[in-house]
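Chains as they are written, first to last, in the numbering used here: chain Y, 32 to 557; chain U, -8 to 184.
One should not assume that every hint holds.
[Claimed, not checked] Listed next, the in silico DSS-like pairs over lysine-lysine satisfying Cα-Cα at most 30 angstroms (straight line):
1) Lys162(U) / Lys553(Y)
2) Lys552(Y) / Lys130(U)
3) Lys90(U) / Lys365(Y)
4) Lys182(Y) / Lys183(U)
5) Lys162(U) / Lys552(Y)
6) Lys553(Y) / Lys173(U)
7) Lys82(U) / Lys552(Y)
8) Lys163(U) / Lys553(Y)
9) Lys127(U) / Lys82(U)
10) Lys90(U) / Lys127(U)
11) Lys82(U) / Lys365(Y)
12) Lys162(U) / Lys182(Y)
13) Lys321(Y) / Lys82(U)
14) Lys553(Y) / Lys127(U)
15) Lys82(U) / Lys548(Y)
16) Lys553(Y) / Lys130(U)
17) Lys127(U) / Lys552(Y)
18) Lys152(Y) / Lys321(Y)
19) Lys548(Y) / Lys130(U)
20) Lys173(U) / Lys163(U)
[Unchecked claim] In silico negatives: residues of chain Y with every beta carbon more than 12 angstroms from chain U:
21) Ala276
22) Arg524
23) Tyr529
Just so you know, these hints were derived from the structure itself, not from any lab.
Think of the CB as a built atom: it goes at the ideal place given N, C-alpha and C, for glycine as much as any other residue.
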Amino acid sequence: MGDEAVALGAVHAGLSGVYAYPGTPSTEITEFIQNSPAARERGIRSRWCTNEKTAMEAALGMSYAGKRALVCMKHVGMNVCADAFVNAGITGVNGGLVVLAADDPSMHSSQNEQDSRFYGKFAMVPILEPSTQQEAYDMMAEAFDLSESLKLPVLLRIVTRLAHSRAAVEVGTPRGQNPLQADKERTHWVLLPGNARRQYASLIEKQPRLLQAAEASSHNSLQLSGQKGLGVIACGIACNYVREAAPQGISLLKVSQYPLPVSLVRQLADNSSEILVVEDGQPFAEEQVKALLSAGYPVSGRLTGRLPRTGELNPDNVAAAFGQPAASAFAPAKNLAGRPPQLCQGCGHRDVYTALNQVLAEYPDARVFGDIGCYTLGALPPFQAIDSCVDMGASITMAKGAADAGQFPAVAIIGDSTFTHSGMTGLLDAVNDHANITVVISDNLTTGMTGGQDSAGTHKYEAICLALGVEREHLHVVVPLPKNMPEITRIIRDEINYPGVSVIIPQRECIQTFNRKLRAKKAEQK
Amino acid sequence: MSKIDIKLSGVGGQGILSIATVLGQAATQAGLQLKQAEVHGMSQRGGDVQSDLRLSTEEIFSDQIPLGKADLIVSMEPMEALRYLPYLQPKGWIVTSSKPFVNIPNYPDQTALMAELCGREHVASLDIEALAAEMKLPKSANMILLGMAARYIDILSADELRQAIRAVFAKKGEAVVEANLKAFDAGYDALKK
Chain Y
32 MGDEAVALGA VHAGLSGVYA YPGTPSTEIT EFIQNSPAAR ERGIRSRWCT
82 NEKTAMEAAL GMSYAGKRAL VCMKHVGMNV CADAFVNAGI TGVNGGLVVL
132 AADDPSMHSS QNEQDSRFYG KFAMVPILEP STQQEAYDMM AEAFDLSESL
182 KLPVLLRIVT RLAHSRAAVE VGTPRGQNPL QADKERTHWV LLPGNARRQY
232 ASLIEKQPRL LQAAEASSHN SLQLSGQKGL GVIACGIACN YVREAAPQGI
282 SLLKVSQYPL PVSLVRQLAD NSSEILVVED GQPFAEEQVK ALLSAGYPVS
332 GRLTGRLPRT GELNPDNVAA AFGQPAASAF APAKNLAGRP PQLCQGCGHR
382 DVYTALNQVL AEYPDARVFG DIGCYTLGAL PPFQAIDSCV DMGASITMAK
432 GAADAGQFPA VAIIGDSTFT HSGMTGLLDA VNDHANITVV ISDNLTTGMT
482 GGQDSAGTHK YEAICLALGV EREHLHVVVP LPKNMPEITR IIRDEINYPG
532 VSVIIPQREC IQTFNRKLRA KKAEQK
Chain U
-8 MSKIDIKLSG VGGQGILSIA TVLGQAATQA GLQLKQAEVH GMSQRGGDVQ
42 SDLRLSTEEI FSDQIPLGKA DLIVSMEPME ALRYLPYLQP KGWIVTSSKP
92 FVNIPNYPDQ TALMAELCGR EHVASLDIEA LAAEMKLPKS ANMILLGMAA
142 RYIDILSADE LRQAIRAVFA KKGEAVVEAN LKAFDAGYDA LKK
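My request is simple: use the sequences and hints to build the entire structure.
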C-alpha cells in the first residue's frame, strides 16, 4: 500500500519519530510504523497526537533537537497545523522534517478536495508528489536529505489512489538515526519581528536553490516526441493515467517535484503547439503554466474543461482528454440502489440519536450542530438528526454562536476524539460566555471512523469538562443502551431547559473495537 | 503479454479485501506485476466496498481499471456485482454470490434483480452463504467465491492460490487455514467447466 511504502521509506531513512492524528487516507502510515518490529527495535516514537497542530509542533521540536521527524495527516489537517507549518518555513529546520499530506480528490471520505500543494507553495518549501508506490518509498529518503540540505521542511503530497493502492516495492538499505544535537542558533528560532524579517529574507534567498533542485530532480523528466504537437504535463499519479491511455506522438513532462520546473516547462512549450496539464486535485500547475507562457499559448486542463473541474482523475476522464471515447460494452444495470455507509448495529451513537430525536420532537425549533466522525452518519436516514457538519470542533462553537443569536434549543454533538482535537477550546468560550447550549460528547473510547485508534482523552472527559468550568450538576455521564432511555431522555430534556452550558457524555465502547478485543481474547485462550 | 483486470465488490464486512489479499499474495509469489486500488474509510460497515485488482506480466500503469476493460467481476453480493457492469469487457465474466444483502430500505425488487443478472451471458452465481453454512464454514464464504473465481483466472493456477491461502491465514492457525482451503475447493468444484 502507498501508505506503507511511505512509512517504510521513512523508517529506512533514519526516522526518529512520527507525529500524526488519524485521517483517511493517511492513517495507515502511522499504524504501519506503530506495528513495525523494525520501528520498535529502533525506538521510533509513534503514539497518536491530539491534533495535527500538536503533531506538527512536536515534530518541529524533534527536528530542532537534530533528529528526523515525519508528520502525517489528511489534507484538511493542513488547515489545523497551518500556523506551525508555515512558520516552520521561516524558522527552517535542523534535523530533516517531512510533512505528509494525503489529499482526497472526489471526497471519498472528506468534506472538501483542497489541494495541499498550495500550502507548500504558500510556505515556500519544496513539494514532492510520487506517482507510484516505489517512488513514494524512494522519495522518503530523498525528502529527508533535501530537508537537511536546504534546512527547510519538505511537503510530500499523495492522493487517495496512491495511499490506498497496493503494488510491489523494492526496498533499499536502512540508514541510522541522527544523533541528538539541539540547534544552538537562537536567532533562527525566536521569531521576534527583527529575527523573523531576516529569516524570511533568507527563505526567499533559498528559492533559486529549490528551483534548481526541482529542475535537476530525477523525478521530473521530459520526453520529447520530435514532432511539434501536443505537449502534456502530468503531475504525480496523473502520469499513470496518461501512460495507460498511451496517446500517440505526445511530448511528456512528468512533474513529481516542485517548485514547478520552469525551464522544463518552457522547453516542452517550445517543442509543442499546445499544452495539456493533467493533475489530480485543483489546477495548481495549470494556473502557473498559463502565467509562465505567453498569453496566446494554448494551455488546457481542468480550468478549460478538457478535464473535469472537480473529482479525482481516472483512466477514463484522462483518456477522454486525449479524444479517446470510453469503451463500455454494457450500459449500467437497471436494478441498482445506492448503499451508503451506516452506523454499525449495536453502536452507541445509535442510542444517542434515538434519545436525542425523541426529546427534540418536543422542540420543533431545535437545531443540532454535528461534527466529524462516525456520528456524522446521523445526518442520513433513519436518524436525520443533525443540521450541520463543517470542521473538527465546529459543533460546539457553531451551537454557541447560534445560541448567541437567540437560537433555542442549540445542541452540539461531538465525538470524544474530535472533542480533544478541537472542541475543548470552544467549550471554554461557551462556559466563559455562559452560552445556552447543550453539548453531547458521544464517547466510544476510540477514534472510530478511521478504524479504532487511541483517543487522546479517554477516561479524562469529565475531568476536562469540569476543569474548563462546566458546572458539576450540569455534567452527566450516561450509558447509551436502550434500557437506559428513560434516564437519558430525562437528562437531555432537563439540560436543554437549563439556561447555560451543560454537557452530557454518553459513554460506551465502539462495537468494532469491543468485538476486536473479544476476538483477540478468545484467540489467546485457545 | 498476459493480464487480468478484476473488479472485486461487496458490502463492508463481507471479506472482499481478504480475497484481494490472497490474490495479491499469489501474484507476488508468481512474480507478476500487481496493482490493487481500494477505498476505505467511511465504509466501515454496511456500505458498498469495491477494489480494483490488476495482474500482468508487464508493467501496469493505472491503479484503477478503465471502463469496459475488466475481465472479471467477483462479488459477494448480486446487486454489487451489477453495479460495475460498465467496467466489464464484452467477453468478461461475473462470478457472484446469489444471496442479496438487504440493509437499505430501497433495495431493488429481488426477482427483477436476479432476472437481470441471470439473464446475462457469462454469469456464475451461487448461494455461497448457504453452501458455507451447510459445510459449517460460516466465516469462509469469501473463499468459496474465490474458488469459483479461480476457474476464470488463467494467470494463476489453483495450486498457487491454495498456497497463498496458506500463507495469508497461517498466523491464524492451522484450523483456519484448513477451513479456508476446504471452502476454496468447494467453490472450485462447484463450477466444473
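Hint consistency between Lys553(Y) and Lys130(U) [alpha-carbon to alpha-carbon, up to 30 angstroms]: Between Lys553(Y) and Lys130(U) the Cα gap is close to 16 angstroms, so the pair holds against 30 angstroms.
Holds or violated: Lys548(Y) to Lys130(U), with C-alpha atoms at most 30 angstroms apart: Given that 30 angstroms is the threshold and the Cα spacing comes to 18 angstroms, the pair holds.
Proposed proximity, Lys127(U) with Lys553(Y) (alpha carbon, max 30 angstroms): 19 angstroms, holds
Given pair status - Lys552(Y), Lys162(U), alpha carbons within 30 angstroms: 16 angstroms, holds
Hinted pair Lys82(U) and Lys548(Y), Cα distance within 30 angstroms: 45 angstroms, violated
Holds or violated: Lys90(U) to Lys365(Y), with C-alpha atoms at most 30 angstroms apart: Given pair Lys90(U), Lys365(Y) holds - Cα atoms ~18 angstroms apart, limit 30 angstroms.
Agreement of Lys127(U) and Lys552(Y) with the hint, judged by alpha carbon distance not exceeding 30 angstroms: 23 angstroms, holds
Given pair status - Lys130(U), Lys552(Y), alpha carbons within 30 angstroms: Holds: Lys552(Y) and Lys130(U) sit about 18 angstroms apart, inside 30 angstroms.
Restraint status (C-alpha distance of Lys82(U) to Lys552(Y) at most 30 angstroms): 48 angstroms, violated
Pair hint Lys163(U) and Lys553(Y), alpha-carbon separation not exceeding 30 angstroms: Distance of about 12 angstroms is within 30 angstroms: holds.
Satisfaction of hint between Lys163(U) and Lys173(U), Cα-Cα up to 30 angstroms: It holds: about 16 angstroms lies between the C-alpha atoms, which stays within 30 angstroms.
Restraint status (C-alpha distance of Lys553(Y) to Lys173(U) at most 30 angstroms): OK: Lys553(Y) and Lys173(U) at ~23 angstroms, within 30 angstroms.
Of the numbered hints given earlier, the model fails hints 4, 7, 9, 12, 13, 15 and 21; all others are met.
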